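Number of protein chains: 2
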Amino acid sequence: MKKLAQQIVFSIVAIGVAGFAFAQAKPEDEIRYRQSVMNVMGRNFGGVLGAMAKGDRPYDQAAAVKAASLVDMLSTLHFDAFAPGTDKGAPTKADPAIWRDPAKFKAASERMQAEVAKLPAAARDLAALKAQVGETGKTCKACHDDFRMK
Amino acid sequence: MKKLAQQIVFSIVAIGVAGFAFAQAKPEDEIRYRQSVMNVMGRNFGGVLGAMAKGDRPYDQAAAVKAASLVDMLSTLHFDAFAPGTDKGAPTKADPAIWRDPAKFKAASERMQAEVAKLPAAARDLAALKAQVGETGKTCKACHDDFRMK
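Quick mapping for you: the protein sequence lines, in order, are chains A and B.
Taking this note's numbering, I'd label the letters of the first sequence as residues 4 to 153.
Taking this note's numbering, I'd label the letters of the second sequence as residues 4 to 153.
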């Protein structure tokens, strides 16, 4: 009984902390943060890995592995920055469908993250990189088609 | 002699490629990219590691190591995005001193990178993290004092 009471107190404190953290985050800062994450991801995925896969940039294993690891680390961050209330406050292409159907948005983000997680290993070999850039790119596009406005 | 000729041809091609890459990069994209990198760094250094060091956020080893590794990976990227010609083209706080005294700017960036490189190991322990956040923060501030406009 004492343990249950402790758990309840802990839960209330945890909710309070989360609520405080949310109250502190300004929508414009959240929008800027998720855009920054996607800009850095895009440059390293498209500008480095995509360019190597297409032959627009010479393949360099160390640079490829670094870019792939960075994209992998970044791939979860921006999804924490789509809290309710961050649909406006600064210019954003985020589609209202994100907040209307969060389960579908979450599933799309997880499909992307699963493919991105394979990039660092694939980046060690140009043929594998080409294949994995293609598979990953499909999941980027699928999510952008549904959840990014024109 | 043939080898020397080949080297000269290779050097000319390399310069040509670099020149092409530079000509392709629009100043506004470079400015946005370096700002994005610094935004993501700042959130993970200040908002995660700094907050844990100050006790504003509970210490979580896994989250600390992840944020520290991310900051470490990001810490070299934006310095590639201060090429000549990117001093204007979009709103920027980059001080003209960056292009007037590139050696001093490079030295300041390297002092920051050297401290940031110690963060992932330090993040495994709260006392070590506190100390290393302090040392790292000084190098951030030193560079911002000299090279970021108010």
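Hints listed in this document are in silico derivations from the structure and should not be mistaken for laboratory results.
Errors might be hidden in some of the hints.
Chain copies aren't distinguished; within one or between two, either way the pair holds.
[Said to hold, decoys possible] Straight-line Cα separation of at most 20 Å, DMTMM-like style, residue types lysine to aspartate or glutamate; simulated pairs:
(1) Lys109 <-> Asp75
(2) Lys29 <-> Asp59
(3) Lys96 <-> Asp32
(4) Lys69 <-> Asp83
(5) Lys121 <-> Glu31
The structure presented is a predicted model; accordingly, all values stated were derived computationally and were not measured.
> Hint numbers the structure violates, sorted upward?
Replying inline: 5
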